[in-house]
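Q: The primary structure of each chain is shown beneath.
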Amino acid sequence: GGIITQTPKFLIGQEGQKLTLKCQQNFNHDTMYWYRQDSGKGLRLIYYSITENDLQKGDLSEGYDASREKKSSFSLTVTSAQKNEMAVFLCASSGTGRAETLYFGSGTRLTVL
Amino acid sequence: GDSVTQTEGLVTLTKGLPVMLNCTYQTTYSPFLFWYVQHLNEAPKLLLKSSTDNKRTEHQGFYATLHKSSSSFHLQKSSVQLSDSALYFCALNSGTYQRFGTGTKLQVVP
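These protein sequences, in sequence, are chains A and B.
Quick note on this note's numbering: the first sequence kicks off at 12 and runs consecutively.
Quick note on this note's numbering: the second sequence kicks off at 68 and runs consecutively.
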């Protein structure tokens, strides 16, 4: 088994601030993902990465940057936090292939004041 | 483009009753469907998955059958328990990444 660790668990920022979320996995998975979870909107993909130094945009990449410098880690940057924004950001990893299960971290809950 | 539709936002049921949570999808490619469950303050985790047409897949008392003719993968259980209260997501992978529905919150009451 393995685990996905997301830091921080809670993140409070100010409008316009640049904020970074981090994710580590010890599954030795090639592919990692960042999803955003909003109530009533499900999980929407922001970025994913199929290998170290690879980045692929998802449906919601506007306003975000990502970085995959090591196989085990994947970070997400909110480039300019929006006032009153509240969401949970979920990191996941998987093996390669369509049948592969996603393994999720417990999330980072973002609040922008 | 690809999409997943879950029509019920909230389903409230009395313990012991059967449940069906709807999931339909659209894709022009060969689909692989998943159900994930997320309990309160926990990470989503896989419940079951399938790419085989008309074959029932089961796990932990839940079951689903992929029907490609109707583009559906509904989740069912014959008798819900209080511990089944959670958020349920249907997801589709047709080649690149998993695309999720909006989720159905299942609330089981005594």
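Hint data in this document are derived by calculation from the structure and do not stem from the laboratory.
Warning: the hint list may mix true and false statements.
Label pairs and their in silico Cβ distance ranges [claimed, not checked]: (1) B/Lys82 / A/Leu71: 33 to 39 Å; (2) A/Gln25 / B/Arg123: 47 to 53 Å; (3) B/Lys82 / A/Ser91: 23 to 29 Å; (4) A/Lys94 / B/Asn121: 46 to 52 Å; (5) A/Ser84 / B/Ser136: 40 to 46 Å.
Glycine included, C-beta positions come from ideal geometry on N, C-alpha and C.
Q: Compare the structure with each hint and give your call.
A: Hints and how they fare:
Checking the proposed 33 to 39 Å range against B/Lys82 and A/Leu71 shows it holds: the Cβ atoms sit about 37 Å from each other. Between A/Gln25 and B/Arg123, the C-beta spacing of about 51 Å keeps the proposed range 47 to 53 Å intact. A C-beta distance of roughly 47 Å is found between B/Lys82 and A/Ser91, which places it outside the suggested range of 23 to 29 Å. The beta-carbon spacing between A/Lys94 and B/Asn121, approximately 50 Å, falls within the hinted interval of 46 to 52 Å.
Distance hint check: the CB atoms of A/Ser84 and B/Ser136 are about 43 Å apart, consistent with the given range 40 to 46 Å.
In summary, the one numbered hint that this structure violates is 3.
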